[in-house]
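Here's the letter readout for the chains.
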Amino acid sequence: MSTREIFDSRIESGLLLLPTLLVSIVFLYYPTALAVRTSFFDSSFGQVDEFVGMENYVTLLADSGYHSSLLLSILFAAVVVAGVISVSLYLTFLIHEVDTGQGLYLISVIWPYALPPAVGALVFLFIAHPTLGVLTGPVEALGIDVDWFNNGPQAFVVVALAAIWKQIGYNVIFMIAAMNNIPDTLTETAELDGVSGIRRLLSVYVPIMTPTLFFLVIINTIYAFFGTFAFVDLLTSGGPSNATNILIFDLYQEGFSFFNFGVASTKSVVLFLVVGVLMLVQFRVTEEYSYYGG
Amino acid sequence: MVQLLQYAKRQANALRGNQTETTHDVRPGTHLQLWFLVLVVVFPIVVAVIVSTKETGVVTSLGDLLPGSYAVENYREALVDYQFGRFMWNSLAMSLVIVVGKLIVSVFAAMAIVYYRVPYKDLVFLFILFTLLLPVPVRFIPLFQLMNDLGWSNTILAITVPYIASATTVFILRQHFLSIPTSIVETAKIDGVGPLRFMLFVLLPMSKGVLVGVSIIMFVYAWNQYLWPLIIIDSEANQVAQVGLQLLQGDVQGGQLSWSLVMAGSTLTLLPPLLLMIVFRKPLLETFSIQQK
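Chains as they are written, first to last, in my numbering: chain Y, 80 to 373; chain D, 27 to 319.
Think of the hints as simulated: they come from the structure by calculation, not from any bench. Treat each hint with caution, since some may be false.
Stated by the list, open to error - Quick list of simulated restraints, FRET-style, between CB atoms: (1) Leu271(Y) x Leu91(D): 44 to 50 Å; (2) Gly125(Y) x Met232(D): 54 to 60 Å; (3) Gly180(Y) x Gly177(D): 29 to 35 Å; (4) Leu101(Y) x Ala119(D): 56 to 62 Å; (5) Glu270(Y) x Trp61(D): 45 to 51 Å; (6) Glu270(Y) x Leu152(D): 32 to 38 Å; (7) Gly216(Y) x Gly177(D): 50 to 56 Å; (8) Trp61(D) x Val137(Y): 52 to 58 Å; (9) Leu204(D) x Gly216(Y): 54 to 60 Å; (10) Leu94(Y) x Met232(D): 35 to 41 Å; (11) Leu94(Y) x Val106(D): 57 to 63 Å; (12) Leu88(D) x Leu150(Y): 35 to 41 Å.
What the hints assert, rightly or not - Per the computed footprint, the stretches of chain D lying under chain Y, defined by three or more beta-carbons under 8 Å from a beta-carbon of chain Y, are: (13) 60-73; (14) 296-303.
Just so it is clear, CB atoms sit at the ideal spot from N, CA and C, and this is done for glycine as well.
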């Protein structure tokens with residue numbers, strides 16, 4: 080029987096694993112445990128922690144501000160995920176369709192993968208600025224009064240658009256790989272049956288690409304919840320009137336504007352549960368699909 | 027494995043632009059639509075670059091979008107007068123330490139997991155994978171307290187060491203190691219190759235593409251970090267480019283808003299990850315295809 084396991088020294092393998100395990104325990108597991116512990120305490124700068132049991136959790140359960148932040152995050156994630164997936168899918172389809180210039184088109188749309196969110200935010204702040212923005216004039220010509228420094232829904236849209244823009248690159252990278260893997264015979268059969276254009280995308284390609292699309296929905300959801308902090312921080316600081324105060328920004332403020340570490344830790348635990356549930360769903364569904372895939 | 031190779035081949039062909047598989051007619055509107063969408067995706071950055079060459083950076087209509095002649099002056103001012111050179115250097119140092127550290131530590135871990143017959147190693151692998159559930163946003167509050175206790179706040183240690191352990195990198199490397207043919211591994215064993223020589227002369231040479239690919243993924247990830255440096259670095263001398271951008275903006279907000287400087291800083295901050303991605307796009311795309319499996 081052939082095997083890859085050609086070494087058997089326990090000491091050597093232990094030494095090889097030691098750095099990863101050490102950093103994981105000290106900087107990943109221990110802080111998480113600390114967050115769980117602190118979530119049961121009244122804790123802030125320059126005072127001794129005081130055990131308060133479930134009080135922080137009860138506070139959050141009754142905090143209508145936190146509830147609206149949670150709902151806002153879910154709405155934001157839904158908008159960002161839907162936007163990213165549909166734009167990226169259509170772009171990928173177009174690139175898949177053309178015979179020439181594929182390489183160039185591909186790099187011109189996947190580059191935002193490298194875009195730092197902070198840069199994306201500042202550039203968006205500039206082009207969509209209510210008084211200075213290049214795009215403000217054209218948009219106002221359509222009859223919309225651009226005023227997103229004061230108008231909540233408009234601020235939400237601007238942050239969502241910036242977040243969608245940045246995430247297109249990552250999505251196209253995975254989608255083009257999945258679409259290129261679809262057998263040509265299937266495309267030809269569809270053509271012969273007269274299924275062409277956008278209908279071929281939706282009724283032939285999308286069902287085959289479901290595992291990839293599902294993977295991306297989860298990744299994009301996690302991104303919308305956590306990866307968009309820089310956009311909120313630099314574009315709106317959670318405002319106006321909390322219209323863009325998603326959970327991650329709310330947590331940041333709880334910790335570093337109000338220095339309320341007890342409640343902030345409780346909010347960290349809630350976020351941990353959000354990530355956990357998302358990952359679990361992904362794991363379950365991936366397993367389901369592995370029956371069909373190769 | 028076969029799928030992976032086929033995918034790699036197709037990807038390579040696509041990048042060279044000589045895809046031969048499509049036989050159907052291309053509708054004339056396709057290129058037009060692509061041109062339009064590419065323009066939309068690229069437009070914000072084109073504006074940023076143009077504004078970075080203008081005197082004041084006041085661009086209020088599409089007609090103002092002509093390059094100015096202040097490029098050298100703006101970039102000099104940002105880099106020297108506003109210390110942006112310093113921020114860029116700090117970002118580079120942080121990113122390189124994270125990439126090199128992660129690479130070494132993860133190759134070690136993946137090698138132990140794939141090539142050693144020892145008990146509980148599946149459990150150890152799970153223990154490492156489980157850290158995927160603990161991203162920075164979930165633990166930055168306690169991590170901040172931990173850094174204060176360690177006295178690491180405001181140092182390069184704080185923005186590098188916590189990133190060194192990487193479930194993603196270990197996972198990608200493990201998948202790749204598992205795709206190296208057993209025959210090669212067994213030949214090494216028969217030849218009596220020790221673990222160090224096996225790693226240096228068999229494993230690493232057979233993993234060049236993946237190592238480059240994960241390095242780019244890790245560099246982009248490290249370079250683009252914003253939240254954690256914002257919290258833990260509080261002196262301008264140690265600040266990284268992502269947060270330094272805000273300082274550039276903060277400094278000018280007192281007086282006249284000099285957008286051309288902010289855009290010069292933004293362009294500079296975008297360049298390193300963008301250039302790396304473009305140059306190494308092939309190994310990068312191949313490595314992504316491993317990650318998803």
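Cross-check of the supplied hints:
Against the hinted window of 44 to 50 Å, the Cβ-Cβ separation of Leu271(Y) and Leu91(D) comes to about 47 Å, which satisfies the hint. A hinted range of 54 to 60 Å holds for the C-beta pair Gly125(Y) and Met232(D), which are about 55 Å apart. For Gly180(Y) and Gly177(D), the Cβ-Cβ distance of about 55 Å falls outside the hinted range of 29 to 35 Å, so the restraint is violated. For the pair Leu101(Y) and Ala119(D), the supplied restraint of 56 to 62 Å is violated, since their beta-carbon distance comes to about 22 Å.
For Glu270(Y) paired with Trp61(D), a C-beta distance near 24 Å fails the hint of 45 to 51 Å. Checked against the hint of 32 to 38 Å, the pair Glu270(Y) and Leu152(D) fails, with Cβ atoms roughly 46 Å apart. At about 52 Å, the CB distance of Gly216(Y) to Gly177(D) agrees with the hint of 50 to 56 Å. About 57 Å separates the C-beta atoms of Trp61(D) and Val137(Y), a value consistent with the hinted range of 52 to 58 Å.
The supplied range of 54 to 60 Å is met by Leu204(D) and Gly216(Y), whose beta-carbon atoms lie about 56 Å from each other. About 23 Å separates the C-beta atoms of Leu94(Y) and Met232(D), a value inconsistent with the hinted range of 35 to 41 Å. The hint said 57 to 63 Å for the Cβ distance between Leu94(Y) and Val106(D), and at roughly 46 Å that hint is violated. Checking the proposed 35 to 41 Å range against Leu88(D) and Leu150(Y) shows it holds: the Cβ atoms sit about 38 Å from each other.
Given a C-beta distance limit of less than 8 Å, the hint that chain Y covers the segment 60-73 of chain D holds, as 9 residues qualify and 3 suffice. Requiring three or more residues with a Cβ within less than 8 Å of a Cβ of chain Y, the coverage given for the segment 296-303 of chain D holds, as 5 such residues are present.
In summary, the structure is inconsistent with hints 3, 4, 5, 6, 10 and 11 from the numbered list given earlier, while agreeing with the others.
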